[in-house]
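Given the coordinates of chain W, work out where chain F should sit on it, guided by the hints.
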Amino acid sequence: AQSVAQPEDQVNVAEGNPLTVKCTYSVSGNPYLFWYVQYPNRGLQFLLKYITGDNLVKGSYGFEAEFNKSQTSFHLKKPSALVSDSALYFCAVRDMRGSNYKLTFGKGTLLTVNP
Amino acid sequence: DTAVSQTPKYLVTQMGNDKSIKCEQNLGHDTMYWYKQDSKKFLKIMFSYNNKELIINETVPNRFSPKSPDKAHLNLHINSLELGDSAVYFCASSRVYNEQFFGPGTRLTVL
Numbered sequence: 004a005q006s007v008a009q010p011e012d013q014v015n016v017a018e019g020n021p022l023t024v025k026c027t028y029s030v031s032g033n034p035y036l037f038w039y040v041q042y043p044n045r046g047l048q049f050l051l052k053y054i055t056g057d058n059l060v061k062g063s064y065g066f067e068a069e070f071n072k073s074q075t076s077f078h079l080k081k082p083s084a085l086v087s088d089s090a091l092y093f094c095a096v097r098d099m100r101g102s103n104y105k106l107t108f109g110k111g112t113l114l115t116v117n118p
Numbered sequence: 092d093t094a095v096s097q098t099p100k101y102l103v104t105q106m107g108n109d110k111s112i113k114c115e116q117n118l119g120h121d122t123m124y125w126y127k128q129d130s131k132k133f134l135k136i137m138f139s140y141n142n143k144e145l146i147i148n149e150t151v152p153n154r155f156s157p158k159s160p161d162k163a164h165l166n167l168h169i170n171s172l173e174l175g176d177s178a179v180y181f182c183a184s185s186r187v188y189n190e191q192f193f194g195p196g197t198r199l200t201v202l
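Heads up: the sequence lines are chains W and F, in that order. Here our numbering is used: position 17 in the first sequence is 20, and no number is missing along the way. Here our numbering is used: position 23 in the second sequence is 114, and no number is missing along the way.
Bear in mind the hints are in silico, worked out from the structure with no lab data behind them. One should not assume that every hint holds.
Claimed, not checked - The calculated label-pair distances, taken between Cβ atoms and stated as ranges, are:
id, chain 1, residue 1, chain 2, residue 2, range
1, W, Met99, F, Glu149, 17 to 23 Å
2, W, Glu18, F, Ala94, 27 to 33 Å
3, W, Ser6, F, Leu118, 27 to 33 Å
4, F, Arg186, W, Ser63, 15 to 21 Å
5, W, Asn33, F, Gly175, 34 to 40 Å
For every residue, glycine included, the Cβ atom is placed at its ideal position computed from N, Cα and C.
Extracted from the complex, chain W is given alone in its bound form:
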């Protein structure tokens, strides 16, 4: 079985400060890992993914994520937050073992960036 946990329901940061949104996962095989963002009344937008290779993945809008196999984590980071980054962020995982088409999402973390 595959699962993903986002331990924080909400993260608040000041504009210009670095931000981190946490994600841990559990899979039997190797993971495909994804981050998505959802703005109010919109669909999810893909930010970045880890499949293999470099543990630091860079994505859209200045976001990056670090894959840590020993800690089974894939935290989303940005060096300097913008008010416009305020949104709901979802981490998702797919177990690469077998013909597994299913993507499992975390429950989401609401990021609020204060001016």
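Just chain F now, with coordinates in the frame of chain W:
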């Protein structure tokens, strides 16, 4: 140039009615999905088709029936709507195993 489109955007209906939601993608993807997002924003996969073949069929009431007439379309038909069906339904598409692209959602309200 909408990549994944859904119609309608809003759907308000009475309990017991039957309704359909349509989804189309112009990305050339081979896999399409239906998700349900509840009031707490939890996102749950319902169905997925790969090249018109059903590959994911989660524990969903059989009142929900997906139909994929071709690789670019995936529709969702719901019979005998119940209050608990009220949610936002998202369609998504991808090349199999790759990142998914989501539609704007259909907000279903059952009265």
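Quick rundown of the hints versus the structure:
For the pair Met99 (chain W) and Glu149 (chain F), the beta carbons lie near 20 Å from each other, so the given range of 17 to 23 Å is met. Take Glu18 (chain W) and Ala94 (chain F): their Cβ atoms lie about 31 Å apart, and the range 27 to 33 Å holds. For Ser6 (chain W) and Leu118 (chain F), the Cβ-Cβ distance of about 28 Å falls inside the hinted range of 27 to 33 Å, so the restraint holds. The hinted range of 15 to 21 Å is satisfied by Arg186 (chain F) and Ser63 (chain W), whose Cβ atoms lie roughly 18 Å apart.
At roughly 37 Å, the beta-carbon separation of Asn33 (chain W) and Gly175 (chain F) lies within the given 34 to 40 Å, and the hint holds.
This entry satisfies every hint, going by the numbered hints stated previously.
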